[in-house]
Every structure is written in structure tokens, then in C-alpha cells.
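There are 2 protein chains.
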Amino acid sequence: MIKEYIFGKPFETYAVVDRTGIITEVANEDVAKRIGFKKDEADRALSPYGGITWDDSEYVMTYAVDMGKDDIVYGLGENIRGINKRGWIYESKCSDDPIHDEFKSSLYGAHNFIMMSGEKVYGLFIDYPGRVIWDIGYSHINKMQVLVCSENFKLYVINSEVADKKEQYRDIIKQFRKMIGQSYVAPRWAFGFQQSRWGYQNQGDIEAVVENYRKNNIPIDAVYMDIDYMERFKDFTIDSEKFPAFEKFVSKMKKQHIHLVPIIDAGVKIEEGYDTYEEGVKKNYFCKEEDGNNFVAGVWPGRVHFPDFLNAQARDWFGNGYKVLLDAGIDGFWNDMNEPALFYSEKHLKEAFDEIETYKDKNLDIDTFFRLGNIVRGLGNNLGDYKSFYHRATQPEGEMLVRHDHVHNIYGYNMTRAASDAFKRLVPHKNILMFSRASYIGMHRYGGIWTGDNYSWWSHILLLLKMLPSLNMCGFMYIGADMGGFGGNVTEDLLMRWTELSMFVPLMRNHAAAGTRNQELYRFTDTEAFARLVNIRYALIPYIYSEYMKAVENNDMMYIPLSFEYPCDKYAVNAEDQMLVGESIMIAPVYTQNATGRYVYLPENMTMVRIRAVNDYELTECKAGHHYVDVALDEVVFFIREGHALPLAGSGQYVDDIDVGEVTLLRAEGSNADYELIWD
Amino acid sequence: MIKEYIFGKPFETYAVVDRTGIITEVANEDVAKRIGFKKDEADRALSPYGGITWDDSEYVMTYAVDMGKDDIVYGLGENIRGINKRGWIYESKCSDDPIHDEFKSSLYGAHNFIMMSGEKVYGLFIDYPGRVIWDIGYSHINKMQVLVCSENFKLYVINSEVADKKEQYRDIIKQFRKMIGQSYVAPRWAFGFQQSRWGYQNQGDIEAVVENYRKNNIPIDAVYMDIDYMERFKDFTIDSEKFPAFEKFVSKMKKQHIHLVPIIDAGVKIEEGYDTYEEGVKKNYFCKEEDGNNFVAGVWPGRVHFPDFLNAQARDWFGNGYKVLLDAGIDGFWNDMNEPALFYSEKHLKEAFDEIETYKDKNLDIDTFFRLGNIVRGLGNNLGDYKSFYHRATQPEGEMLVRHDHVHNIYGYNMTRAASDAFKRLVPHKNILMFSRASYIGMHRYGGIWTGDNYSWWSHILLLLKMLPSLNMCGFMYIGADMGGFGGNVTEDLLMRWTELSMFVPLMRNHAAAGTRNQELYRFTDTEAFARLVNIRYALIPYIYSEYMKAVENNDMMYIPLSFEYPCDKYAVNAEDQMLVGESIMIAPVYTQNATGRYVYLPENMTMVRIRAVNDYELTECKAGHHYVDVALDEVVFFIREGHALPLAGSGQYVDDIDVGEVTLLRAEGSNADYELIWD
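Quick mapping for you: the protein sequence lines, in order, are chains A and B.
The opening residue of the first sequence carries number 1 in this note's numbering; numbering runs sequentially from there.
The opening residue of the second sequence carries number 1001 in this note's numbering; numbering runs sequentially from there.
Extracted from the complex, chain A is given alone in its bound form (with noise of 0.2 Å):
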């Protein structure tokens, strides 16, 4: 049962598309009262929160609960932290900030949703593209506070009538995504390994990793074109000393099998004599300063404006501009810089410049040294900026004027929004792959995520595992962070752990950033484990798109905490580093260096698979408890649940190259678990 509670006037986000079964109160004193809001009164005496920059003015209303001490809270979705977040404080704000450690608030998406298990079970989802605060145990351990800066939004409670625990969850998971509707379907290649890096600056360059994957028998199905073939970073543009005949490249690579993909940037370059900047100038489709001017960011070309994608019109007109790559074969992008990010804005750059001035020749001490420093580092993504530009926002009564910082959270949302709708206009009969740095829940209609600009670290190899139950809960199912890591340099070891957690996820691609350690699976020492693991991936290809298509059409999870199947396992209740991917199979992947295994709880029997290449692996009957394991550098281990059957199929280089033909059947010995594969 989902009961909404409107405050105030809503903007509407279009998060929710399917009011079957709804139930709607207006939310009066009385009613906010009783549902736990209130006027903002938060507590807020162990200010100040991390990453957060407080402005106590901004917030108005608030929703506590106090929490027991085993109580746990899942969702936010693409976040920091744990499976369970309890214990810290997190920021509805899309994020371009690459360093994801245990500090921060944000990522690039902004997920509002949670699920309460404790004595009541229940889904929450606060439908507001503003700021929102949710302070779970970080203040007082066993309080949770929610501070929403708006008096208007939507709250959805969503309670289940089923009476055990287990069924209760995923009720209220799928009434939640029955709701936001159902999640953009990938195209199948794009299960396949994808090869990517900020720093591929050519069509020689491109052909040469295609080369050694497809010398190496590493099976991939896609490379991708980071912001370099563009003409100075400009959208919808094609850098012609790189590729001088692109389309012909385009369908060079099709022949081999490979898929380009082109990356698309939000701010549209300033620029006399280009097209998109013009047009969009001359419709009025750029987001406005107060004075109508038309507001000026500094993103990778410099000065740059930003689409209005918050409006219908300036939505499809930026929709169409997707139409010239369209035309040249390509049929995958990844659209970024959306949250949007901002190196600066013209206006505080120069203020920035003129303080920087009146230190100079002075003594700079303890105080005015870190200013020097936080005068340049506070240009980015800077909060003042976000209130200083608007949207003439398309709602259901006619077009609204809303500035920027109240409706920061869809405004990558409608970036995606627009592509995907351009695509169902131009290409009505190609499935096109999708998808997008910044997200609110909604946006799981138009486009899958990646995870964003993570690290070669350790660490970040848990925080993906971590993500995709969450991700799952909030609709997104086309998902994946950067294999190997982005940032920094990466080692042999953390690649492989690495691919070893990967290959169970749908977007496996391999990513890194310009300057770093170059990292594509051939440039180490055993070249022939890394085409081993890739290898299983596509025999295993199958199921995960089997699983993800079932939990698509179902509005359920692929990726599955323990303690959602095993409520009263206590055991199970808590294990953060180990899931359920699919009806069948539990992995348990390595995360730590210098590692020969990990432990593994098992809440049921199972069948552990010790596998090293499609054709080289064991079998082996596990009773449920505590185990130890140990996993090789170059194997994986996971386990396949009982009644159950792991389809493996044979691989291939590519994914059409895969034959479901023949599938091998993996299973507990003398069990008959059938598995039913999705494959058109």
C-alpha cells in the first residue's frame, strides 16, 4: 500500500508515472504531525556534518524517527557507505566529485528512497529535486532525521500487507518501482566487455586496442570515445584530423564487431559559427541569470552555457542533436558533466581573481594561506552558483520559472530524458545504449548509470558491490562503475580482483583517466588470465542478461542484499560484502590485497564453483555456516544456490558470437534445477 503525502506545491519531477493503487492525502499540520514531519526543529547540537555545507536557514522540514539498535536502513542508491547506511549523514546533491571515500555525502546521483527494517518495515521516498538531508545515526547514533529545504514536495510511504519479512521487502520494493516505472532496457551487446580511457585520441588509437583485445582472445564488444574526438569539446561535433571519415570508421568497426561510444558533455561551448551554441542562443534554450542573461559556466572547452533541460522544447531540440552521430552508425553514448558540473561561473571567477589579488605581497599566514587555497578549490560546483541561474521549467499546467539549486537533482535526469526521447523520434527500431553520469529516481526509465569518476583503490571494488542492491531498489539496473578505476594508477592485482567482481555486472567496462597508468587487460603481466576471466564473463553473459531482463520486466532486483532473502539469519542480516545475483548464484568476491581467499558465510547449502576458464572449474557441495575459502589470483569462486542451475555457455568473442546453443547446466550433483534463459 503506497500513501502519498503532498506538502505545499510540488514541483513535479515526473519520478512517478504509475499512481495505480495510490492513495493521496493532503498534508495539513495535523498529518505531517502524525507521519512524523514537522517544522524544522532538528537537532542540531554536533553540527558540523560532514562534506555538508550548512546553511541553517535552508531547512524546513523535518522527519525523525529514533531507530533501535539493530534497525536497519537501506537504499539511497548510488551512495557511499555501507549496504546498511546507518551512521552517517548523506546529501541529496548530484556530485561531480571523483574522490568517493568515507567522507563524503554525495555521489552523482541523487536517490531518495530508504527502506526502515525495524520493528515496522517500510519504503520512504521523498519526491523533492532540491536538497535533502538524511542524517541516519550520524548525530545521535540511534535517531534518524530527514531535512527536506522545501515546504513542497511529496512523501510516499509505502507499506506491505504480506505478513513474512522476506516477501515483505520485495513487495515493497516492487510497489516502489511499479510506481517510478519500469527500468530502460540495455541492448544485449552491451553486456559484452567494453574498453574506454580519457586519453584514446584518435582512430589509430581506437583500432589498436581492438587489435590487441582481439589478438589477446580477450572478447570485447565496444570501445568508447572519450570528450578528445570531439572539435574542442563540442557536442554533437567531430574532431575531422582524428577521424577523418568517421562514419566509414563507424562501420570499419561494426564489421569487427565493435561498438563506439561517443560520450556527451551538458554545457554547450560559447562560440561564434557553431551551430548548437547558435541555435540554442537564438530559441532561448540556455538556463538564465536573474537578469535574462544567459548564464555563463566553465567546463572543459572554457565558457560554456547550459541547456534548459527542464524544458519540453530545449529537451527535444538538444534530443535531436544526438541525430548527426545517429547518422553515422553509432548506437551507444554516455552523457556526462550533468550534474551539472562547474569549474566556475564567469562571475566568481573574476571575483575569485580580484581577492586573489589583495593577498599578494602580504605575510599569508595560518588564515589567509588556506583562504588562498579555498578561493581556488571553492570555484567548483559552488552552491552560490546553483542559485544563480533558472529554468523555464515545462510542468503540467504551463511553464514555470525555478531556480536552479531547487531543481539540481533532475537536471542530469532530463539531459537523459531528452537523448532517450530523440531516440524513440529518430530511431524508433534501434535499441540504443544509454547512459548517464548524474540521476534522480525516474531517470531509470531513459538510461542506465555508471558509478561515476572512482579510483584505482582497493576500497572502490566493495563500494560497487556494495551500490548495486541499492541501485537495484531505486530502479536502476543498467549499472557498473569503472573497472579498475578511474582515477589513479591501478596494479595487476586490483585489475584482476577487480574483473573478478565485474564480470557478474551488466556494464563491465574498463575505464581509466587521462595521465594514469594505462590499464586496458593486455598491458600486464599474465595477459592470458585476464582472457581467461573475460571468457567466463561471456559464458556467463546468458544468465546475467537472463537475470537482468527478468528483474526488469518484474520490477525487482537482480542484485539481492542477504538479509533481504534471509531476514532472520543474523548472520546473513549483516553481510556486507557478499549478495545474491539473480535466482541462482550467491559471489563473494576478493577486495583486498595480497589475499589468497576471504571468508564466506553461507546461509543454505550451496554449490561452490571454483572456476579458471570456461572449460577448467570444479563442483563442490558446501554445508551452510561460516567457511573460509581460498581464491587464487587468476579464479573466481562463487556458489550456486540449492534447487537451482547456473546456465555457462561457451563464450565467444563478441556477444553475438555466444552460442546458448550450448549451455551447460551447473548445478548441485543429482539435482534436476532447470533455468529458464532469456534470449530472443
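Among these hints, one or two may not hold up.
[Claimed, not checked] Sample of chain B residues facing chain A (criterion: CB under 10 Å; computed from the structure):
no.: 1; residue: G1087
no.: 2; residue: E1102
no.: 3; residue: Y1274
no.: 4; residue: Y1344
no.: 5; residue: L1349
no.: 6; residue: D1361
no.: 7; residue: F1369
no.: 8; residue: V1376
no.: 9; residue: S1456
no.: 10; residue: Y1522
no.: 11; residue: F1524
no.: 12; residue: P1567
no.: 13; residue: L1633
no.: 14; residue: D1659
no.: 15; residue: V1663
For the record, the hints were derived by calculation from the structure and aren't laboratory data.
Note that CB positions come from ideal geometry on N, CA and C, so glycine has one too.
Based on the hints, put chain B in the right spot on chain A.
Same frame as chain A, now just chain B:
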């Protein structure tokens, strides 16, 4: 057996003080080749290197060795990553950098000692005070390459004749420790709990802290005075507005059994009329630029000079500075910012301002905008600045002019030596607490270290644990990390888990940075639990102090990796998150948020101690093997070794209050194991 190989004309660091039994060879080309050293031909195909500024011309000599798949490399003292250092590249360069994440290559110390455990087991100490790079399986997963940026250094290779592997490890460590001299012994009160915060402004703040601890029955022995106690950050001054009668205040605190521990910074403020500054200038005791002018850097007070700690007269002079505080009754100090940290150099800052000016009113794009950030970020701890000043180092053959970067790693060491020598001169009958941030091997004779400006991160609990044995290997016995984390905002559960590890560590100090959440132990919901935990610490102090004293006297380790004690047990060999503390116990702290327990490996039968308060505990006999152990947030679980006993005293509100007459011996049922207490 220790072999010393002398390359060129090494700078004398005084790291090695006991030459008994050392066999010396002067390393000509033949010798160099034999021991694996050669003129640098390191394979650098896989640059860039993590966090290291690479200048090919600097690296002169390389020691290269192949590693077997299962070889383990121990050592490098204060550092990031594991007990096993494989899989990363480290740089010996004392660094002021608070972000101790996986990606860094240096912390505050430079400890060039490793022990290789492979087909052969041997110790390796490179006595060179400039840059040394340890590429331990980074460029090639199975190669170690050590790069020394000089032709002048000493190499020590330590072998053991003992056949048994377990004895071999300890024998090698003891040989090395004997050679570098006995470790500093801290006063006993310094094993009590200590409270610090950058932010206590005056005596009222300190009194309030003490009152709160005493009121809540949380034992405490010391409060720290961070930089704000000084007059505008000038060494050896006390702000008389904040502390109007300092000597009286010190004495008042001492009556309450509280020791005050002020900070001393390396840089001396440039200010006419300030005696330390004026005397240093007059007597030429500051580091100089090439042209003979005193080098000007920026630190807390703004412009400072750096005392030339490598010069014996300058050391004496600076050491005498502590007298004003000793005279006031102070009996403990911490030396800070002595890498030396520099925010900027005067010269470099001027250039930065000039370059920033050229960017004004330009279109700042990907290249220029990032450059702007880099200009400001690059000001601090800049290698170019370290290359721009000189020491008049006192060497056996007389005074020697040496550029700072060639001796960078012994600067902090010699600041602490200056202090320690002064204490012996000025207060010969007193044992003064002294520890330092920067260090080099040899400094362990003069003081302890704390592990610098860590963060309120869960990962930093584990990092502390992993550093304990490698610090011991290098002679650092009085050690500890800022409990609860220095930077960032702590949570109650993080602080509690951290307390449960720090209670086993000599320096148990809660310290936090200005602007972060208050983290004194009485600031949270469960003050009573913190009180119970710190009382357990006090009950354990007789054991911790005894084991510390034994380890110091025997040149032995107090924190022992399981791999050292059980070298033939494959699970013990790879254990990175549990270890022996002294002869009687094994600890296995919980370091994961929301965890309700953890896995523990017992290499032999042990007695589990589950303790909630000094008088509230149970002993359980456990069999060797893998265990999952429940550990509630407010309790501690550790293990007593078979045939050993743990003395538990009756706690106390300060160390001198502990009654060792009332010791209970915890040991296995039926055991009559005894324990030798060291408590004068």
C-alpha cells in the same frame, strides 16, 4: 650476520650506532653486482607512478630482485597499505599530507628497512637520507625494484644463521634493532588516556575538558596544547592572555594528575624582537639559500626560517628553547611540522601570483583551469623548494654544506634529537614525554611518533593496526594514531571501535582538527560505555607497559604479525587484521561500520576474553581454527595464548592510581601460567 656495503661517500645519518659484528665491504662494481645493485636501468615502461613526482635523472642506483608468487615483504615502518607491502610503490620522503589513502606513497616518516620472506629470509636497510623508491610489485607484479637517488649510501643486509623460520624473523629484527640502538622509553603516565584538540584556546577550555572526564569517571592523564597556546604560533612562547599564570596552571593541573603537553613547531617566526628568531639569525642557525640568505618558508605564523637541525650548535641552541616550558613544569612535548612542512616558499609564492595574473580575463578551459588549481596546490611541500636550501651539517669529519633534498628525511629526526639531548642536559633526572611527526630510523632513540594527521575514517582503524608491527621493526615503540581521527567528523560508533583498538596501543590519544565535530569521549550518547572501555585500558596498562618495557630492553617487537609466530600456517601467514600484542594476547579488533562481529583465525587453541568492564568479563576456551565472533559495539573481545597469562589490574582514574597489588591473572582454565610484571 650483518653485512654493510658502502657506496661512494655516504652522508652520516647516525642511524647506526652499534657496529658490533658488522662486516663492512666497500662496494665497487663487482660487489654491487653481486648484491643485486646496479647503475640504474630500472624498467619504467609502466610509469606513471602513484603519487610520485618522477624525474628520471635523479635515480642512480637500483636494487632489483624477482619475487616468488608467495613471497612477503615486511617493513617500511610508518606507511600505507598492508603488513605485506607487496603491490604498490612507496617513496621514502617525509611528507606532510593528511590524506592517508591507498593512493599515497609516503607518510611522515622515512623508514628504509624491509624484511624479505621468500626462499631466503633477510633484512635490508638502506641508510640514505634523501629519496628512495620502493617499487614492490607495482611495475611488475613479481619484481621488487629499489631506486636510490644517489651514488653515496650504505646498504645493510641482515641474515640469520638460525634454522627455524620463526626464530629467523625475530633474530633478523633484533640484529637490526641492536645496530640502530635501544628505543626511547616514555614515562609511565604517558600510557594513560590523553585528550587533545586543535581548538582548545585557553586554560578554561582545558579545565572544562578535565572536569568532564573526571565527572564521568573516564580516566585521563594528559591534555594537549595545540598551536593556539603560543603567541601567534611562535615557538617557546605562551600567550599570556589565554594563560595568564601559566606555571600556576601547570601546577594546578598536575595536582589533578593531568600532564599538559604543548606542541613545538619546526619553523621559527620571522619577527623583529622575538628572541628565538633574533638569536637564530645572529648566530646563523637557520637554513640558507644558495646566496647565503636565510631561506623563507610559510607555515602557521606566515613567514618563518627553518632551524638547521643538522648542525650540532643549532641543535643545542634550539634544544635550550624548551627550557622555558620545562621550567614551568611541563614534562611532555610533541614536535610537529618537522618534515619540514611548508605551505609555500617566499620565492615560489611570488611566481605563483605572477602566473595567476596572466590567467585573468582569459577563457579558462581544460588546460588553463586545471593549471590554475595546480599552481595553488603545488605551493605546499614543493620538491623545488626542498632543493633550494642548505644545511651546514655536522659530520664526523667536520661541517659540511648539503642541499636539503639530499638529507630531507633526517630533518625531523634531528629536531627531536635536539629536544632529547636538551632534556638530558637540562632535566637529567626527569623522563620527558617526547614524540614527533617526521622521523627516520635512528630517531626512535630520542622519542616516539604518532602517525600524523589521519582522518575519522573506518579504514584508518585498520591502517593503525597494520602499521604497529612495521613501526616496531624500525625501533618505534612509543606509538599511536589520533584516536577517532584528526580530520573529518567522527561518529559515535567509529570512536568506540577505535577506542577498542587504541586501548592496546602505548599512545592512546584522542585528537581532532579545528572545525571538526567535538570528539571528547563525553560528547556522545553512551558516555558510560566509553568510561567502561577506558577503565579497561587502565586495567591493562600494567600489561601494556610491561610488554613495552620488555620489547624495548630486548630490542624486540611488541606487535607481532601472526606470520612471524606461525610462519608455516598459511592462514596465519596472510592474516592482516589481527596480531599478537606482547607474549600473552592476540587482538582482532572490529573495524567495519555496523558490524556486529568479525571473523578471527586462531593459529592455536586460545582463551577468548569478552570484556565489557573491568569487573564484567567472561573467558571461553576456543579451539584453533576459523571462528566468527560476535562483538557488540561496547565490548572488547581478545584472546589469551595457551600457556600464557594476562594481568588485569583494578583500573584507576590516572596511571599512578592503578593498584598493581590487586592484579587478577586471566588464563586458560586449569592453567598455572605466570606473568612477569615490570612496574617500578
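Against the structure, the hints:
With 10 Å as the threshold, the beta carbon of G1087(B) comes within range of chain A, its nearest partner Cβ sitting at about 5 Å, so the hint holds. Hint status for E1102(B): holds, given a least beta-carbon distance of 5 Å to chain A, under 10 Å. Checking Y1274(B) against chain A by beta carbon gives a least distance of about 14 Å; that is not within 10 Å, so the hint is violated. Given hint, Y1344(B) at the interface with chain A, holds; its Cβ is 7 Å from that chain's nearest Cβ, closer than 10 Å.
Taken as an interface hint, L1349(B) checks out: its beta carbon lies about 7 Å from the nearest beta carbon of chain A, inside 10 Å. The criterion of a C-beta within 10 Å of any C-beta in chain A is met by D1361(B), whose closest approach is roughly 8 Å, and the hint holds. Annotation: interface hint on F1369(B) holds; nearest CB of chain A at approximately 5 Å, less than 10 Å. Here the hint on V1376(B) is kept, as its CB sits about 5 Å from the closest CB of chain A, short of 10 Å.
The restraint placing S1456(B) at the interface with chain A holds, with a minimum CB-CB distance near 7 Å, inside the 10 Å limit. Look at Y1522(B): its Cβ only gets to about 13 Å from chain A, farther than 10 Å, so that hint breaks. Hint on F1524(B) holds. Least Cβ distance to chain A is approximately 7 Å, under the 10 Å limit. Interface restraint check for P1567(B): the shortest CB-CB distance to chain A comes to about 15 Å, outside 10 Å, so the restraint is violated.
Contact between L1633(B) and chain A, as hinted, is supported at the beta carbon level, the nearest pair being about 8 Å apart and thus within 10 Å. For D1659(B), the interface hint is violated, the least distance from its beta-carbon to any beta-carbon of chain A being 34 Å, above 10 Å. Taken as an interface hint, V1663(B) does not check out: its beta carbon lies about 34 Å from the nearest beta carbon of chain A, beyond 10 Å.
Of the hints listed earlier, those the structure fails to meet are numbers 3, 10, 12, 14 and 15, in rising order.
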